[in-house]
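K.L.:
Next come the chains, spelled out residue by residue.
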Amino acid sequence: MSKSAKYWAALAAVALLQIGFLAKMAFDRVSLIKSGREIALQVIPIDPRDIFRGEYVILGYDISQIPASKGGSENFAEDLQRRTLIYVTLKQGADGVWTAKELSRDYPKTVAPTDVVMKGYVRAAFRAGNDTFDTVAIRYGIESYFVPEGAGKALEQGVQDKKIQALVAVGSDGTAALKGLIVGGERHEDPPLL
Amino acid sequence: MFGHGKRLREDIRRWHREGWVTANGETQILQELSRRGSGVSLASALGILASVLLAFALMSFVAAHWNEMSRGFRLSLLLSLVAAGYAAAGFFETRGREIFSDAAILFALAAFGASIMLISQMFHIDGSPPDGVLAWWLGAFIAGVLLHSNAALALAMVLVVVWTGMETDFPGGVHWPFLPAWAAITAGFAWHRWTPGVYISGLALTGFVVSLGYLLGLGNWHAGVAAIGLVAIIAALVASKLAPEYDAVSAPALGFAIATVGCASIALQFFEKTTTSELILYAALTLAGLLAAIGYGLANHHRGAIWLGYIGFSIEVLSLYWKTVGTILDTSLFFLVAGLIVAGLAFMAWRLAHRFDGSNGGIERGARI
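Residue numbers (the working numbering), protein chains in the order written: chain A, 114 to 307; chain B, -4 to 364.
Derived from the structure by calculation, the hints contain no laboratory data. Careful: at least some of the hints might be erroneous.
[Said to hold, decoys possible] Facing chain A, from chain B, some residues (calculated, C-beta under 10 Å):
1) S75
2) A103
3) I120
4) I137
5) I275
6) A279
[Stated by the list, open to error] In silico negatives: residues of chain B with every beta carbon more than 12 Å from chain A:
7) L44
8) G67
9) F68
10) I100
11) L142
12) A147
13) T201
14) L276
[Claimed, not checked] As a list, the in silico DMTMM-like pairs of lysine to aspartate or glutamate whose alpha-carbon atoms are at most 20 Å apart:
15) B:K318 / B:E267
16) A:K276 / A:D175
17) A:K276 / A:D208
18) A:K119 / B:E63
19) A:K137 / A:D303
20) A:K232 / A:E299
21) A:K214 / A:D286
22) A:K137 / B:D126
23) A:K119 / A:E151
24) A:K204 / A:D141
25) A:K116 / B:E93
26) A:K232 / B:D126
Ideal Cβ placement from N, Cα and C applies to all residues, glycine included.
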């Protein structure tokens, strides 16, 4: 192979690798949103806005903080490190809202067909005030919702009024993807990719 | 850099007069020098700046029209920007304009990084941002190795530093994966035999080692940092004696090792709680060490050591002033003592310079610094 042919081959390899990575990043999400099991989570208000990524709302959930007692023992949170992978089993209540039923460090061996298991990372484990149990703070990667320009204010107001639910798709390994929001009973979803 | 070329030209003419270089050799060397002239490096520097500006322009254009585009169009636009960058690199490289191919590669890598961010945004992926930077530096590293691009490797090192900064928790959480990442990129520099890489790697490693002082031992690990720096100084000195042919590496390494010890010493004296006697001991050791660095620099024509010595000396004296004012010493007394110390140092430096002047013309070189 001539020198320039080699260089073109190397260029093609690098370009394909990087474009492939980006495409996989996008298409993994598309397929997760399409095929994952859909649940609706109650959103609770947290500080909005970030300087780097334009206008978006930060979503906090009922299930962002879970008592360690759900882990089956009082000292479940004792040696829990930041960024540890953690699985939360969710069950749907009579009012349709999904709440945390169980915490575990591995994917549960048996899952009731009505339940959903969601994967998250430990942010912190702490004991506040006079609590008997530790609280585990968890992030699921569905905490930011990027909004079209100008629409942020209205959405934020909805969050303040507790009128918002998040539409989440959960994959078979527990990965969660934010599909959209339900504001005052109305579904807001991103249009399909193509 | 320009100064270096000019001095080399003067030296070559002198070597020719002394009969060390033939007339033919002089012409050849001068021709080679002018081929490497500043015009080319200026063009490549401007090319790189232009590519950075173009990348910013395109990205802000994309961001400004984000809502008007369909999601599929946005995605394909981002991916084609990456592809266009690499295609331009190939175009320049095969037409003998290698100096612009680095700029094109940097453009592609900027587009790659921005795409990671914009795709996350498109799909509301709120993963951990450092993971995005990890993917970005890996992309830059692979491009640097496969395309023999030093600019891409340099970008990878910058991104590794950013990644490490984002992953570091205060206190206690040292981000050890920095070390293998640093080693991989440094190996890339070594493989390409790219001298500026020594400085980039040295700076990154120095920053990491100095940060250990604030992260380990509940933030009080500066003595450990000083020890690492001292070992590195000894290693660099031994290396320059045993393998002078690797001077291009050992000389900068010595400078970075001196800087490491200096940073740790400043933290020990001025950020930690010290008793007066500890402070005097550390300050005396630091000043002696700085004097040794200047002396070594003068004797061995190591400009970095001389400059670090001067800069360190200024910082040390100013910090001592801040620390001691109104406490162990009266201000005027401090200035008197500092003045006497500086006068003493000036005298010693003069003595040192004269000693070298007698043996190998040290003062002539010293005066040019």
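K.L.:
Does D126 (chain B) lie within 20 Å of K137 (chain A) when you go C-alpha to C-alpha?
P.N.:
Holds - the C-alpha atoms of D126 (chain B) and K137 (chain A) are around 15 Å apart, at most 20 Å.
K.L.:
Hint check: is the beta carbon of I137 (chain B) less than 10 Å from a beta carbon of chain A?
P.N.:
Since chain A brings a Cβ to about 6 Å from I137 (chain B), closer than 10 Å, the hint holds.
K.L.:
The output says G67 (chain B) does not contact chain A. Does that hold with a beta carbon cutoff of 12 Å?
P.N.:
violated (4 Å)
K.L.:
Starting from K232 (chain A), check that the Cα of E299 (chain A) is at most 20 Å away, please.
P.N.:
violated (27 Å)
K.L.:
Would the non-interface assignment of T201 (chain B) survive a Cβ cutoff of 12 Å against chain A?
P.N.:
holds (28 Å)
K.L.:
Should the label of L142 (chain B) as a non-interface residue stand, given a Cβ cut-off of 12 Å to chain A?
P.N.:
violated (5 Å)
K.L.:
Take the C-alpha atoms of K276 (chain A) and D175 (chain A), compute the straight-line distance between them, and say whether it is at most 20 Å.
P.N.:
Given pair K276 (chain A), D175 (chain A) holds - Cα atoms ~14 Å apart, limit 20 Å.
K.L.:
Grab the minimum beta-carbon distance between L276 (chain B) and chain A and tell me whether it stays above 12 Å.
P.N.:
Holds, since 39 Å exceeds 12 Å.
K.L.:
With chain A as the partner, please determine if I275 (chain B) meets the hint condition of a C-beta pair closer than 10 Å.
P.N.:
Violated. Min distance 42 Å.
K.L.:
Hey, K232 (chain A) versus D126 (chain B), does the alpha-carbon distance stay inside 20 Å?
P.N.:
holds (17 Å)
K.L.:
Any CB of chain A closer than 10 Å to the CB of S75 (chain B)?
P.N.:
holds (9 Å)
K.L.:
Measure nothing beyond the straight line between the CA atoms of K204 (chain A) and D141 (chain A); if it is 20 Å or shorter, mark the hint as holding.
P.N.:
Violated - the C-alpha atoms of D141 (chain A) and K204 (chain A) are around 25 Å apart, more than 20 Å.
Consistency note: the structure conflicts with the earlier hints numbered 5, 6, 8, 9, 10, 11, 12, 18, 20, 23 and 24.
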